[in-house]
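So the sequences go chain by chain: A and B. Position 457 of the first sequence, counting from 1, maps to 460 under this note's numbering, and the rest follow consecutively. Position 90 of the second sequence, counting from 1, maps to 219 under this note's numbering, and the rest follow consecutively.
What the hints contain is simulated information worked out from the structure, not anything from laboratory work. You may find that some hints are simply not true.
[Unchecked claim] Quick list of in silico lysine-lysine cross-link-like pairs, DSSO-like style, CA-CA up to 27 Å:
no.	chain 1	residue 1	chain 2	residue 2
1	B	Lys146	A	Lys386
2	B	Lys146	A	Lys58
3	A	Lys326	B	Lys183
4	B	Lys183	B	Lys220
5	A	Lys386	B	Lys183
6	B	Lys183	B	Lys146
7	B	Lys146	B	Lys220
8	B	Lys183	A	Lys58
9	B	Lys220	A	Lys386
10	A	Lys386	B	Lys175
11	B	Lys175	B	Lys220
12	A	Lys326	A	Lys58
13	B	Lys175	A	Lys58
14	B	Lys175	B	Lys146
[To be verified] Quick list of the computed label-pair ranges, beta carbon to beta carbon:
no.	chain 1	residue 1	chain 2	residue 2	range
15	B	Gly179	A	Asp147	17 to 27 Å
16	B	Glu230	A	Arg104	42 to 52 Å
17	A	Pro396	B	Thr170	12 to 22 Å
18	A	Gly284	B	Arg173	46 to 56 Å
19	B	Arg251	A	Leu387	17 to 27 Å
20	A	Pro396	B	Arg132	25 to 35 Å
21	A	Asp408	B	Arg173	40 to 50 Å
22	A	Asp147	B	Asp180	18 to 28 Å
23	A	Ser323	B	Gly179	39 to 49 Å
24	B	Ile247	A	Gly307	19 to 29 Å
25	A	Pro396	B	Arg228	35 to 45 Å
26	B	Asp192	A	Ala434	46 to 56 Å
Just so you know, even glycine gets a beta-carbon here, dropped at the ideal spot from N, CA and C.
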Amino acid sequence: MSGAVAGGSGLVRIASGQGFWGDDLEAPVRQVEAGPIDYLMLDYLAEVTMSIMQKQHSRDARAGYARDFVPLMERIFPACANRRIRVVTNAGGVNPAECARALAAAGRRAGMAGRARIGVVTGDDLMGRLDGLLATGHPLSNMDTGEPLESVRDEVLSANVYLGARPIVRALRGGALVVLTGRSTDTALTYAPMAHEFGWPWDAWDRLAAGVVAGHINECGAQASGGNCLAEWWAIPDLTEVGFPIVEAGPDGTFVVTKHPELGGAVTLRTVKEQILYEMGDPRTYITPDVTADFTTIRLSDQGNDRVAVDGIRGTPPTSSLKVSIAYSAGYKAVGTLVYAWPDAAAKARAAAGILRRRLDRLGLEFDRVRVELVGWDSTHGKLAGPVPGDLPEVQLRVAVRSGDRHAVERFAREIAPLVLTGPPSVTGFAGGRPRVQEVVGYWPALIDRSVVEPHICVDLVEV
Amino acid sequence: MPRVELLRLAHARSGDKGDTANVGVIAYEEEDYPLILEQVTAARVKRHFGDMVKGPVERFRLDNLHAVNFLLHGALDGGGTVSLMTDAQGKVFSTALLRMEVEVSDAVARRVRGRGRIPPNRGRRGP
Numbered sequence: 004m005s006g007a008v009a010g011g012s013g014l015v016r017i018a019s020g021q022g023f024w025g026d027d028l029e030a031p032v033r034q035v036e037a038g039p040i041d042y043l044m045l046d047y048l049a050e051v052t053m054s055i056m057q058k059q060h061s062r063d064a065r066a067g068y069a070r071d072f073v074p075l076m077e078r079i080f081p082a083c084a085n086r087r088i089r090v091v092t093n094a095g096g097v098n099p100a101e102c103a104r105a106l107a108a109a110g111r112r113a114g115m116a117g118r119a120r121i122g123v124v125t126g127d128d129l130m131g132r133l134d135g136l137l138a139t140g141h142p143l144s145n146m147d148t149g150e151p152l153e154s155v156r157d158e159v160l161s162a163n164v165y166l167g168a169r170p171i172v173r174a175l176r177g178g179a180l181v182v183l184t185g186r187s188t189d190t191a192l193t194y195a196p197m198a199h200e201f202g203w204p205w206d207a208w209d210r211l212a213a214g215v216v217a218g219h220i221n222e223c224g225a226q227a228s229g230g231n232c233l234a235e236w237w238a239i240p241d242l243t244e245v246g247f248p249i250v251e252a253g254p255d256g257t258f259v260v261t262k263h264p265e266l267g268g269a270v271t272l273r274t275v276k277e278q279i280l281y282e283m284g285d286p287r288t289y290i291t292p293d294v295t296a297d298f299t300t301i302r303l304s305d306q307g308n309d310r311v312a313v314d315g316i317r318g319t320p321p322t323s324s325l326k327v328s329i330a331y332s333a334g335y336k337a338v339g340t341l342v343y344a345w346p347d348a349a350a351k352a353r354a355a356a357g358i359l360r361r362r363l364d365r366l367g368l369e370f371d372r373v374r375v376e377l378v379g380w381d382s383t384h385g386k387l388a389g390p391v392p393g394d395l396p397e398v399q400l401r402v403a404v405r406s407g408d409r410h411a412v413e414r415f416a417r418e419i420a421p422l423v424l425t426g427p428p429s430v431t432g433f434a435g436g437r438p439r440v441q442e443v444v445g446y447w448p449a450l451i452d453r454s455v456v457e458p459h460i461c462v463d464l465v466e467v
Numbered sequence: 130m131p132r133v134e135l136l137r138l139a140h141a142r143s144g145d146k147g148d149t150a151n152v153g154v155i156a157y158e159e160e161d162y163p164l165i166l167e168q169v170t171a172a173r174v175k176r177h178f179g180d181m182v183k184g185p186v187e188r189f190r191l192d193n194l195h196a197v198n199f200l201l202h203g204a205l206d207g208g209g210t211v212s213l214m215t216d217a218q219g220k221v222f223s224t225a226l227l228r229m230e231v232e233v234s235d236a237v238a239r240r241v242r243g244r245g246r247i248p249p250n251r252g253r254r255g256p
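Take the sequences, apply the hints, and build the full model.
Next up, the structure:
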């Protein structure tokens, strides 16, 4: 057991520091510096992130993890070591081992040699085992469509199974100051510290479910503490230095969501409810590797001063399978934009789109999909925006195409600029140059029996 | 009976799971939750979005939060990086749903007047 609980309050404070790869780089520093915390959780992985990292890894054997994490740790390593703030993160991406090496080097640069231990969780990466699994009765069928993975096998870019909290707890028990994982569930980064500190047994379903809810609230950073909040967003104070959420958890699984008082943002029933509903499926069965949580049992109470208490949560045993996140190469796409000015901006943009489509047809190019949007009118709410007023001051024409044929997409990219001199007038905004051809990454969710995954899970401890 | 945008009675957050957008709709006041349950049904939401949602709409109740969660299947043009939509992650389906009009009593219409929109004289300051 670590000393956090022994701090006197009996509570463990788990601070959220990153909600995705690309989040506010200063947020975790603020979490460490602006007040007391026991754990810092950093979530870097979204569904497509693993495939991006896999691509980087295939070009450079030393890449494939959240590189931002290493310079961040170099800044906060001494504070974390001195105050025994433990960091739990999935920054390892598809290359936790290399991430750990870079982290150890950063730790030595920060004067941490011999003063910190890194825990590395692996076993989530199924890429090297795919053919063996497919050959032994694990079809990894698409959860949405039922199609077997065999149909896109040659296009697969990455395949990672979502691991739960157990290996993280093993690393914490082993004394790791920093625990690095690959594809762990986002929520496990928050409830593993709770399970570890309070010594929860793995059949304490209600407490584990409470941990999952705490994790869901923490996993998107400031989205629980005033960021992206629709309820009276204009009244939320000082988002410039927004305080990311902090979970203050007790041994019985009850917890309070709060933030450092001197930082901006807000923690209210409204901000917390919005985050609870974010990316929600069936709220009665929120499935994780460790427990299935029932989000309809959550009880919230506002204690004022940016404190929302959470209790009442019920959980049931987890399923026998684990979720696998597979990315596969699914063709190419490009997005071209031009801006049309008053008068009749929308009519000009639509006429230009028509000309473009006919030119693409005449070139005999095949697209799986062509999408035309008028940014400034219908690109977000579609037909719900109603008919376009004739006096719209300006509009951006946005045309996007997707095709399995790279050549077709490249040619499309060359057909945007010509519209400036060969199409409707009062057009501008093409200075950004030719549209970039991007590889499309398809997402393939699947299930796998946990018995073929769990024996491969490995926890290594490395000294800085 | 007066009709008001759902924006007056509820706030919302939306996100994605593959090609499915979810929209969580949360009553500002507990007393307005029954009205939302009665009028903002899965069928009504499906009609509201029309062909913007290719598949079915599911609704789940969270009575504990005075909220309902909608799953809009086939709303994101394939979702993720496959989608060609500006809003490929379904981030603004929240306010698209809150455009829907509901019928309320005169008293409720008065009580919720102005809610959900930035008050006059706010937000005029520059960056």
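- Item | Restraint check for B:Lys175 with B:Lys220, where alpha carbons must lie at most 27 Å apart | The hint holds at about 18 Å.
- Query: Measuring from beta carbon to beta carbon, are A:Pro396 and B:Arg132 in 25 to 35 Å?
  - Reply: Distance hint for A:Pro396, B:Arg132 holds at roughly 30 Å.
- Query: Straight-line Cα separation of B:Lys146 and B:Lys220 no greater than 27 Å?
  - Reply: Cα-Cα ~11 Å, so holds.
- Under the criterion that the straight-line Cα-Cα distance not exceed 27 Å, is the pair B:Lys146, A:Lys58 satisfied? With Cα atoms ~22 Å apart, B:Lys146 and A:Lys58 stay inside 27 Å; holds.
- Message: Check whether the Cα positions of B:Lys183 and B:Lys146 lie no farther apart than 27 Å.
- Response: 15 Å, holds
- Task: Evaluate the given range 17 to 27 Å for the C-beta pair formed by B:Arg251 and A:Leu387.
- Result: For B:Arg251 and A:Leu387 the Cβ distance comes to about 25 Å; the hint holds.
- Item | Status of the given 18 to 28 Å range, CB of B:Asp180 versus CB of A:Asp147 | Hint holds: Cβ distance 20 Å, inside 18 to 28 Å.
- Query: Is the gap between the beta carbons of B:Gly179 and A:Asp147 within 17 to 27 Å?
  - Reply: 22 Å, holds
- Message: Check whether the Cα positions of A:Lys326 and A:Lys58 lie no farther apart than 27 Å.
- Response: This hinted pair holds, its Cα atoms lying about 22 Å apart.
- Message: Run the distance test for B:Lys146 versus A:Lys386: straight-line Cα separation, threshold 27 Å.
- Response: 23 Å, holds
- Message: Between the alpha carbons of B:Lys220 and A:Lys386, is the straight-line distance 27 Å or under?
- Response: Holds. B:Lys220 to A:Lys386 sits at ~17 Å (cutoff 27 Å).
- Given the hint that A:Lys326 pairs with B:Lys183, test it: the Cα-Cα distance must not exceed 27 Å. 26 Å, holds
Checked against the numbered hints above, the structure breaks hints 8, 13, 16, 17, 18, 25 and satisfies the rest.
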